[in-house]
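Chemist: Sequence:
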Amino acid sequence: MKTVKLLLSVVLASTLFTSCYTEVIVDDFVDEPIINANQVLNSYELWYVDINQTIGFGEIPFLQKAFTISFINGTLYANNNLVGIGSSGDGFGIDVASYSAYNAILDVNHDIDGFVTFDVFVVDNNTIELYNPNTDTSYFLEGYQRRNFDYDFVFYDNIHYFLQEYEAWEKTFTSEMGAINEFDNENYLQFLAGGNDSTFRSSQDNFGTNPNNLIWDYTGVYGVGDVSNTINLKTLTLDYDFFDNEFFELSVIDDRTIELYHPSSKTIYEFKGRGYIQYLKAGSTKDETAAKKEKKRKFKKERVDNPRESSRV
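Under this note's numbering, think of the first position of the sequence shown as 2, with each following residue one higher.
Treat the hints loosely; a few may be bogus.
As the list claims (entries may be wrong) - Here are the simulated distance ranges between beta carbons: (1) D96 to N126: 23 to 33 Å; (2) G85 to T173: 43 to 53 Å; (3) N197 to L234: 23 to 33 Å; (4) I113 to R313: 17 to 27 Å; (5) D137 to S101: 16 to 26 Å; (6) V305 to T220: 18 to 28 Å; (7) S99 to D255: 29 to 39 Å; (8) S312 to P264: 24 to 34 Å; (9) I95 to N43: 17 to 27 Å; (10) T173 to N43: 23 to 33 Å.
To be verified - Here are the computed lysine-lysine pairs in the DSS-like style, where the Cα-Cα straight-line distance is at most 25 Å: (11) K235 to K301; (12) K273 to K172; (13) K235 to K299; (14) K273 to K301; (15) K172 to K267; (16) K302 to K235; (17) K235 to K267; (18) K235 to K273; (19) K235 to K172; (20) K235 to K297.
These aren't lab readings, by the way, just hints derived from the structure by calculation.
All values reported here derive from a predicted model rather than from experimental measurement.
Glycine residues also receive a C-beta, built at the ideal position from the N, C-alpha and C atoms.
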């Protein structure tokens, strides 16, 4: 569905500022509006975390992980996974924290990260800034209603994270058409979270092997690329040093199945995900070994200093 940025109505805009006080300075009256953070946060059902707009050099783990967050009656929900996005929790995702919002402050008690506090600033009609004074870092969130949020765009724009949400991908189909090639021997793929965010492994183990028992024969670097004029077709390049790169056109059949078309041999492969990894909260993956590190969204821009100064006492 097409992403539509919503404008707050005049009525809603009037709720963003709930009280004013009058201060006398050299015989002039100065009105200083106080933001009601709770009403601002509830003005949209989903807040998309625009990770690349982040200012400052700190990090808030639960925001670094989430694609969207939602504030519902004191409970904070997040879409941390791309598997099931749009359907999980009626589109809100999963319960990850409790929160309270008052004046211009948001306090979050995350199930794993613990207590995190923010100053809330309204940037424009559907954008807010969450400033964490402890790390001097600002995250920027764009507001949407579920009916107008483009879940598909978020899915395909971040598809390399989708590949990381299974312990392994098992080959389940190879087309009869197509030339014999080296990749025919590869039965499993794994795309690793964390680290350089671009490491894959492959295995020639027998079909039906438990993902925990797989022996990974090769570790290399992978990359996901875009295809002009389409969002639901990507390219996947696997760097095999010993027989050059393997290039594929990548399509998603469903939340558990991908199709890889190998242009050089004209072979079609299908892989199914085994061992779904649900990123509940920071540090809650099954195994924190080098092979299964925690997924966090990576910045695509240079980090810059935050000009905002904390007003906290």
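Chemist: Hint by hint, note whether the structure agrees.
Modeler: Against the structure, the hints come out as follows:
1. D96 to N126: 23 to 33 Å: holds (28 Å)
2. G85 to T173: 43 to 53 Å: For G85 and T173 the Cβ distance comes to about 20 Å; the hint is violated.
3. N197 to L234: 23 to 33 Å: holds (25 Å)
4. I113 to R313: 17 to 27 Å: At 24 Å between Cβs, range holds.
5. D137 to S101: 16 to 26 Å: Given a distance of about 22 Å, which is inside 16 to 26 Å, the answer is holds.
6. V305 to T220: 18 to 28 Å: Given about 34 Å between the Cβ atoms, the range is violated.
7. S99 to D255: 29 to 39 Å: holds (34 Å)
8. S312 to P264: 24 to 34 Å: Violated - the Cβ-Cβ distance for S312 and P264, about 57 Å, lies outside 24 to 34 Å.
9. I95 to N43: 17 to 27 Å: holds (19 Å)
10. T173 to N43: 23 to 33 Å: violated (44 Å)
11. K235 to K301: This hinted pair holds, its Cα atoms lying about 18 Å apart.
12. K273 to K172: Given pair K273, K172 holds - Cα atoms ~7 Å apart, limit 25 Å.
13. K235 to K299: Holds, at roughly 19 Å.
14. K273 to K301: violated (29 Å)
15. K172 to K267: holds (16 Å)
16. K302 to K235: Status holds; Cα separation ~22 Å.
17. K235 to K267: Answer holds: K235 to K267 is near 16 Å, not above 25 Å.
18. K235 to K273: Roughly 17 Å between the alpha carbons, so the hint for K235 and K273 holds.
19. K235 to K172: holds (19 Å)
20. K235 to K297: At roughly 21 Å apart (the allowed maximum being 25 Å), K297 and K235 satisfy the hint.
Violation of the numbered hints given earlier is confined to hints 2, 6, 8, 10 and 14; the remaining hints are satisfied by the structure.
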